[in-house]
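K.L.:
Let chain D serve as the given structure and place chain W on it in line with the hints.
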Amino acid sequence: MNSNTNQNSIWRSFVRYGRYLAQFVFSLFLLAILSFFLLNQMPGDPVLQWSGLGEPNQTKQFDRRYSDATKTLHLNLPEFYFSIHAKCFPDTFYKTNELYQQDQVRSLLWEVKNWPALTAFLNAEKKLRNGLSEESLTQISKPLSNIKSIAELRKFQTGQLREFQSGVGAREDTIVKTFDADIRSILNSSPVAGWWIPVLCWHGQSNQFHNWGKELLTGNGGVSWVDGRAVWSKIDNAFWITLRLSLTALLLSFLIAIPIALFLSLQKRNWLHRLILLSLDFVFTIPLFWLASLTIVFVLGPVYFNLADYFPSFEMAGSASWTGLILPWICIMPGLIAYLSRFLFKLLEEEIHKPYAQQAIAKGLSRRKWLSRHGLRNAAIPYIYTLTMAIPAAIAGSLVLEILFSIPGMGRLTFMSVISRDWPVLFALVMLNGLLTLTGYLVGNIVVSYLDPRLRIPESTNQGQGL
Amino acid sequence: MIAKNQNSDKDHNGKKSRRFGLWAVIVFVSLLALFRPLIANDQALIVITDSGYEFPAFRELPSHWMLRSEPPVTIPIEGKAYFPLIAFHPQRIDLDQRLLPPGAQIKAQAKSGRHWLGTDQLGRDVLAGIIHGLYIAIIIGLGTMLLAFAIGIPLGWLASWTKRHSLSIANWKLVPFLLWLFSILVFNNLVLGNSLFTAIGLVNSLVFCISFFLLFRNKSGKGKSSSIQIPFDRLIFQFAAIIDSIPGLLWVLILGALFGPSLSGLILIIAWVRLPEIIRLSQLEADRIQTLPWSEAAIVAGIPTTRIWWKHWWPAQWPVMQTIFLFGVISGVVLESTLSFLGLGLPYGQVSWGTLINGARTDISAWWLVLFPGIMLLLFIQGLRALSRYLAAN
Numbered sequence: 001m002n003s004n005t006n007q008n009s010i011w012r013s014f015v016r017y018g019r020y021l022a023q024f025v026f027s028l029f030l031l032a033i034l035s036f037f038l039l040n041q042m043p044g045d046p047v048l049q050w051s052g053l054g055e056p057n058q059t060k061q062f063d064r065r066y067s068d069a070t071k072t073l074h075l076n077l078p079e080f081y082f083s084i085h086a087k088c089f090p091d092t093f094y095k096t097n098e099l100y101q102q103d104q105v106r107s108l109l110w111e112v113k114n115w116p117a118l119t120a121f122l123n124a125e126k127k128l129r130n131g132l133s134e135e136s137l138t139q140i141s142k143p144l145s146n147i148k149s150i151a152e153l154r155k156f157q158t159g160q161l162r163e164f165q166s167g168v169g170a171r172e173d174t175i176v177k178t179f180d181a182d183i184r185s186i187l188n189s190s191p192v193a194g195w196w197i198p199v200l201c202w203h204g205q206s207n208q209f210h211n212w213g214k215e216l217l218t219g220n221g222g223v224s225w226v227d228g229r230a231v232w233s234k235i236d237n238a239f240w241i242t243l244r245l246s247l248t249a250l251l252l253s254f255l256i257a258i259p260i261a262l263f264l265s266l267q268k269r270n271w272l273h274r275l276i277l278l279s280l281d282f283v284f285t286i287p288l289f290w291l292a293s294l295t296i297v298f299v300l301g302p303v304y305f306n307l308a309d310y311f312p313s314f315e316m317a318g319s320a321s322w323t324g325l326i327l328p329w330i331c332i333m334p335g336l337i338a339y340l341s342r343f344l345f346k347l348l349e350e351e352i353h354k355p356y357a358q359q360a361i362a363k364g365l366s367r368r369k370w371l372s373r374h375g376l377r378n379a380a381i382p383y384i385y386t387l388t389m390a391i392p393a394a395i396a397g398s399l400v401l402e403i404l405f406s407i408p409g410m411g412r413l414t415f416m417s418v419i420s421r422d423w424p425v426l427f428a429l430v431m432l433n434g435l436l437t438l439t440g441y442l443v444g445n446i447v448v449s450y451l452d453p454r455l456r457i458p459e460s461t462n463q464g465q466g467l
Numbered sequence: 468m469i470a471k472n473q474n475s476d477k478d479h480n481g482k483k484s485r486r487f488g489l490w491a492v493i494v495f496v497s498l499l500a501l502f503r504p505l506i507a508n509d510q511a512l513i514v515i516t517d518s519g520y521e522f523p524a525f526r527e528l529p530s531h532w533m534l535r536s537e538p539p540v541t542i543p544i545e546g547k548a549y550f551p552l553i554a555f556h557p558q559r560i561d562l563d564q565r566l567l568p569p570g571a572q573i574k575a576q577a578k579s580g581r582h583w584l585g586t587d588q589l590g591r592d593v594l595a596g597i598i599h600g601l602y603i604a605i606i607i608g609l610g611t612m613l614l615a616f617a618i619g620i621p622l623g624w625l626a627s628w629t630k631r632h633s634l635s636i637a638n639w640k641l642v643p644f645l646l647w648l649f650s651i652l653v654f655n656n657l658v659l660g661n662s663l664f665t666a667i668g669l670v671n672s673l674v675f676c677i678s679f680f681l682l683f684r685n686k687s688g689k690g691k692s693s694s695i696q697i698p699f700d701r702l703i704f705q706f707a708a709i710i711d712s713i714p715g716l717l718w719v720l721i722l723g724a725l726f727g728p729s730l731s732g733l734i735l736i737i738a739w740v741r742l743p744e745i746i747r748l749s750q751l752e753a754d755r756i757q758t759l760p761w762s763e764a765a766i767v768a769g770i771p772t773t774r775i776w777w778k779h780w781w782p783a784q785w786p787v788m789q790t791i792f793l794f795g796v797i798s799g800v801v802l803e804s805t806l807s808f809l810g811l812g813l814p815y816g817q818v819s820w821g822t823l824i825n826g827a828r829t830d831i832s833a834w835w836l837v838l839f840p841g842i843m844l845l846l847f848i849q850g851l852r853a854l855s856r857y858l859a860a861n
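Chains as they are written, first to last, in the numbering used here: chain D, 1 to 467; chain W, 468 to 861.
The following block holds chain D by itself, in its conformation from the complex (with noise of 0.2 Å):
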């Protein structure tokens, strides 16, 4: 390394942390693409929830007013930039049914595998609905859309259309009879060709998952389907609250850890010493949500101490006041603090132990001297790493706390927004939350590679070099 121009080193290093940065937007790809995957999984039917429709009820009102939520929505596109599937199904499949009725579609779909037939027999459905008067309609309407297979469509045709057809008019009887044969038709269609043949299809940037990814990245990251407000007007409130909280939790405590680890380290080994060591074990352990809730019970409680005039919430006190974020200090910061102290003492502990600390204390350095030049600073890495992960943990372990002392900051969304399932609220949470985790991967793996040449990725691995 020491014979190269400064040049290179230069473009050595922007190769060495672009590699970083490289593995950090795959990552936030390869977690934008797996959120977006379980959005689409998630419970509901999103057009009925966003909208407020009520349930299908088979009115053309109702399919006008669905499938213009559907366009608002923008789910009448593809969902991917490609998809696999049979040959028997259509390329643009995602946008000839509306949403709700698209199971069921497909699952006859799965047993005819021919979509000419199958969009033949929709169509005459379509006719069905379109002929018959409002009343007749309402006998058959219902069946008619819960027929998931071939079989209850067979046991329709033989039961319940018969029934309906002995109690029509002439008028009407022509039509069912049609319908009638429209099922026969389907009934003994054959299988296309080739069915089983996945076909790969490109749909370009038109899609769903382009959509929201742009929508994340510089729109308002689209709207709850609780309240219709912007995504990111609601989690803008609630993020600086969090990291008002859980920021200035996490400084205050590095304050205190950090002279607790030093007095650890400098102070001889004995009852004191363990004493305060087993306290600090003992302390991490403690679950927060108990801690929390011992001190709602008894400090805010009415039977002990009564103090809720001393400590009022975070909302009674008002949103600029820091008074309402003591208690949920006082809960977050003992584990903190034991975390942090034993952590920085047994890294200390061990660089003392190895051979150039040994050395330098037996050629008389003292062990404060030692610490201040040496020690720390050899402690300060994989420390400085654990802050740069800190961060976004402690953002999300806030989550408890808000809710327990009704703090309206990012925790207390997340668990609203699953309460009341608004899912895109809940999936921007989760990417904001992923980037803040991946960015602290990013900044702590530079800077300790900055600070400590060793840590850096090797720039060329024996990948591959078998036995």
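The hints are simulated quantities; they were obtained by calculation from the structure and are not laboratory data. Here the structure is a predicted model, which means the values were calculated and not measured. Careful: at least some of the hints might be erroneous.
[As the list claims (entries may be wrong)] Examples of chain D residues toward chain W, derived with CB under 7 Å: (1) V297; (2) A396; (3) T437.
[Said to hold, decoys possible] Listing some non-contacts, in silico: residues in chain W with all C-beta distances to chain D over 12 Å: (4) M533; (5) I542; (6) E545; (7) A554; (8) G580; (9) I606; (10) G610; (11) F706; (12) L748; (13) L759; (14) I797; (15) V800; (16) A827.
Note that beta-carbon positions come from the ideal geometry of N, C-alpha and C, so glycine has one too.
P.N.:
Showing chain W alone in chain D's frame:
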């Protein structure tokens, strides 16, 4: 010399007695959890009637082990009955006795008994609930970690191995792997609602599996025609990084909303959250072991890869993994009780420490609902930590 001998003898005895004490505690706790219906139940242990003896409490054991959330129907007792120590069923809802403080006596019933630790917001006895919660904690802790170990440790080995060597496994050993892939694809078809095991799903899966196999087969070198070249290490690290990039609690919320509340689902989800950590630690340990002389000697001697993993790596990394196992059990139980506390974990009707503490959210003067289950949780955690410390010291 004699004194030294005596000393070591004493040490040995001390160790022995400590080990005995440890096993005694473990056995006691497991018996308590397993035979909860004989200790806390509103069914009688023995009923003496004119016609003979009956043992209603024993009949409940299977449903306890299967974790059914419905308590059995009580049948009026004729004759002399002997009740268990705690005469309450942990899941029996009794709205007349809501939120009773510790030590409250019931008078209105034929069988007298005290709620030693009070009752919760649905009138269920807290002490019985705590003992029942012990069983749930053990099931969740063991279930999650066994699952995470079974998947995570082999993946860690694979990652560590492919970092240094290409994988050389006989073709026939790939069959289970392909079957696994195949089953995932079938499952995929199932979940996506395409169809149940239709021909199309099977054919697609087969085509995918075979093309995957053909694409990555290494054809160079006639002697090793069966070795494959897939960058498993990168794939596995990427997999772990993706799971890690969403915080554990968020994963549990998402997957819990997707699959609905159930105990087995919760175990699967917590195991999924633990997976990256297990993979990483297993891979680190394997990295360390791989560079040891005896491991390299085993490789040079031509011992099959999978045999090296099972017979040599696993015993060598067991001391570290057992600590990780215990810590994983702890964090699994804490995660479960946090979720149950938030009302998102266990299905309605199941009693665990978290659901008991949750009761205090309806009435913040009910301090006994927070204190006692929490102390039990803390004892459980500290006990496991003590066990891990003991195991590490030996």
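K.L.:
Work down the list of hints and note, for each, if the structure agrees.
P.N.:
Going through the hints against the structure:
Below 7 Å, beta-carbon pairs count as interface contacts, and V297 (chain D) has one with chain W at about 5 Å; its hint therefore holds. The interface hint given for A396 (chain D) is met, as the beta carbon of that residue sits about 3 Å from the closest beta carbon of chain W, less than 7 Å. At its closest, the beta carbon of T437 (chain D) sits 5 Å from a beta carbon of chain W; the interface hint therefore holds under the 7 Å criterion. The claim that M533 (chain W) is not at the interface with chain D holds, since no C-beta of that chain comes within 12 Å of its own (minimum 27 Å).
Listed as a non-interface residue, I542 (chain W) keeps its Cβ farther than 12 Å from every Cβ of chain D; the least gap is roughly 38 Å. For E545 (chain W), the condition that its CB be more than 12 Å from all CB atoms of chain D holds, with the nearest at approximately 44 Å. With a least CB separation of 28 Å from chain D, A554 (chain W) remains clear of the 12 Å interface cut-off, as annotated. At roughly 25 Å from the closest C-beta of chain D, the C-beta of G580 (chain W) stays outside 12 Å, upholding its exclusion from the interface.
No Cβ of chain D approaches the Cβ of I606 (chain W) within 12 Å, the least distance being about 19 Å, so the stated non-interface status holds. Separation of G610 (chain W) from chain D is adequate, the least Cβ-Cβ distance of about 19 Å exceeding the 12 Å criterion. With 12 Å as the threshold on Cβ separation, the claim that F706 (chain W) sits away from chain D is violated: the shortest Cβ distance comes to roughly 9 Å. No beta-carbon of chain D is positioned within 12 Å of the beta-carbon of L748 (chain W); the least distance is around 16 Å.
For L759 (chain W), the requirement that its beta carbon stay farther than 12 Å from each beta carbon of chain D is met, with the minimum near 17 Å. Taking the minimum C-beta to C-beta distance to chain D, about 8 Å, the non-interface status of I797 (chain W) is violated against the 12 Å cut. Chain D draws V800 (chain W) into its interface by the beta-carbon criterion, the shortest separation being 9 Å against a cut-off of 12 Å. Not every beta carbon of chain D lies more than 12 Å from that of A827 (chain W), the smallest distance being close to 6 Å; the non-interface claim is violated.
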